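**Student:** Please model the entire structure based on the sequences and the hints provided.
Residue numbers (the working numbering), protein chains in the order written: chain A, 3 to 210; chain B, 36 to 113.
Read the hints as simulated data drawn from the structure, not as lab findings.
Among these hints, one or two may not hold up.
Unchecked claim - Derived DSS-like pairs (lysine-lysine); straight-line CA-CA distance at most 27 Å:
hint : chain 1 : residue 1 : chain 2 : residue 2
1    : A       : Lys143    : A       : Lys99
2    : A       : Lys194    : B       : Lys81
3    : A       : Lys143    : B       : Lys81
4    : B       : Lys80     : A       : Lys202
5    : A       : Lys181    : A       : Lys78
6    : A       : Lys143    : A       : Lys181
7    : A       : Lys143    : A       : Lys65
8    : A       : Lys200    : B       : Lys40
9    : B       : Lys40     : B       : Lys81
10   : A       : Lys200    : B       : Lys80
11   : A       : Lys202    : A       : Lys143
12   : B       : Lys80     : A       : Lys181
13   : A       : Lys94     : A       : Lys181
14   : A       : Lys65     : A       : Lys99
15   : A       : Lys194    : B       : Lys80
16   : A       : Lys194    : A       : Lys99
17   : A       : Lys181    : B       : Lys81
18   : A       : Lys94     : A       : Lys65
19   : B       : Lys40     : A       : Lys181
20   : B       : Lys40     : A       : Lys194
21   : A       : Lys97     : B       : Lys40
22   : A       : Lys143    : B       : Lys80
23   : B       : Lys81     : A       : Lys200
24   : A       : Lys97     : A       : Lys143
25   : A       : Lys78     : A       : Lys99
26   : A       : Lys65     : A       : Lys78
27   : A       : Lys94     : A       : Lys143
28   : A       : Lys143    : A       : Lys194
29   : A       : Lys78     : A       : Lys94
30   : B       : Lys80     : B       : Lys40
31   : A       : Lys202    : A       : Lys181
Values in this document were obtained by computation on a predicted structure and should not be read as measured data.
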Amino acid sequence: MIQRIGQTDGFDEAALVAQAQTGGEEAFTELVNRYEANIYRLARHITQNPEDAEDVLQETFLKAYEHLGDFQGNSKFYTWIVRIAVNQALMKLRKRKTDASVSLDDPYDTGEESLVREIAVWEPNPEQTYSQEEIRAILEKAVDSLPPTFRAVFALRDIEELSTEETAAALNLSIPAVKSRLLRARLRLREKLTRYFKRKGDDFFGYM
Amino acid sequence: MVTCKDFLSELNEYLDGSVEAEARQELERHLSECPNCWVVCDTTKKTIQIYRGVDPYQIPTGVHDRLIAALHRRTRAV
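**Tutor:** Listed below in structure tokens is the structure:
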């Protein structure tokens, strides 16, 4: 299971951050241990590349360490580093995509796209009909097919379980924009996974 | 009357459990009458569950070690 923020009892984040701010290296390492898996996962989701994700992870914590004095404590430390990580990850994508015609904005977001194409009931436990490796590959391929900001919204809302407001703040998007991207991301992933997980013999199309 | 289009636009809120009781009942009535929306709702819910249950991107140990090494280099340099 994915370890999420807020699931550890007795974890006093504010005290650790305060210690780290006064030069407590051990306290900062503790924060790194606490959040590195989340930040790495988020960076992988957005960049879709292990080397870029590792760079983003390092840059995020180095930046956080450097600017620890600027952290005011009016947001959670975790949301603060998420914002740094998202910026680093999007910057990586911009650098990688030297073709100026590739934009991080979503040309797809016209509101006219058909959100649902295939309707098919899934096998009762589809994840058991594939190996762990196969499942991981299927999930990865599906996320990879989404535009970057859709991936970011999905990763923050559904994987890291941030609120709509926190996601909007981290991505510098309006709340309606987060909601619309989340719906599109979820439905597109559903569509991709349906190809693998639908009950054999079922095949009917046409909706709305 | 909730249409399929209405249902779809409320799907996020419905799945996240952030719909008022009355609206929820309306959506559930539609679900009980519309097999297509039922399938879309069910498979979207399962999509989210499957991503939460299987973490495709676990942090490799080498990545952790290199991060700690990079931080040490930085803290020594200050």
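**Student:** Taking the hints in turn, state whether each one holds.
**Tutor:** Now for the hints, and whether the structure bears them out:
1. Lys143(A) - Lys99(A): holds (19 Å)
2. Lys194(A) - Lys81(B): OK: Lys194(A) and Lys81(B) at ~13 Å, within 27 Å.
3. Lys143(A) - Lys81(B): holds (17 Å)
4. Lys80(B) - Lys202(A): It holds: about 20 Å lies between the C-alpha atoms, which stays within 27 Å.
5. Lys181(A) - Lys78(A): Answer holds: Lys181(A) to Lys78(A) is near 22 Å, not above 27 Å.
6. Lys143(A) - Lys181(A): Holds - the C-alpha atoms of Lys181(A) and Lys143(A) are around 23 Å apart, at most 27 Å.
7. Lys143(A) - Lys65(A): violated (31 Å)
8. Lys200(A) - Lys40(B): Measuring from Cα to Cα gives roughly 23 Å; hence the hint holds.
9. Lys40(B) - Lys81(B): Cα-Cα ~21 Å, so holds.
10. Lys200(A) - Lys80(B): Given that 27 Å is the threshold and the Cα spacing comes to 14 Å, the pair holds.
11. Lys202(A) - Lys143(A): holds (21 Å)
12. Lys80(B) - Lys181(A): Answer holds: Lys80(B) to Lys181(A) is near 16 Å, not above 27 Å.
13. Lys94(A) - Lys181(A): holds (25 Å)
14. Lys65(A) - Lys99(A): holds (23 Å)
15. Lys194(A) - Lys80(B): holds (14 Å)
16. Lys194(A) - Lys99(A): holds (25 Å)
17. Lys181(A) - Lys81(B): holds (19 Å)
18. Lys94(A) - Lys65(A): holds (15 Å)
19. Lys40(B) - Lys181(A): Holds, because 16 Å separates the two Cα atoms, which is no more than 27 Å.
20. Lys40(B) - Lys194(A): holds (21 Å)
21. Lys97(A) - Lys40(B): violated (39 Å)
22. Lys143(A) - Lys80(B): holds (19 Å)
23. Lys81(B) - Lys200(A): Satisfied, since the Cα-Cα distance of roughly 12 Å is no more than 27 Å.
24. Lys97(A) - Lys143(A): holds (22 Å)
25. Lys78(A) - Lys99(A): Violated: Lys78(A) and Lys99(A) sit about 32 Å apart, past 27 Å.
26. Lys65(A) - Lys78(A): holds (16 Å)
27. Lys94(A) - Lys143(A): holds (20 Å)
28. Lys143(A) - Lys194(A): It holds: about 9 Å lies between the C-alpha atoms, which stays within 27 Å.
29. Lys78(A) - Lys94(A): Status holds; Cα separation ~25 Å.
30. Lys80(B) - Lys40(B): holds (18 Å)
31. Lys202(A) - Lys181(A): violated (33 Å)
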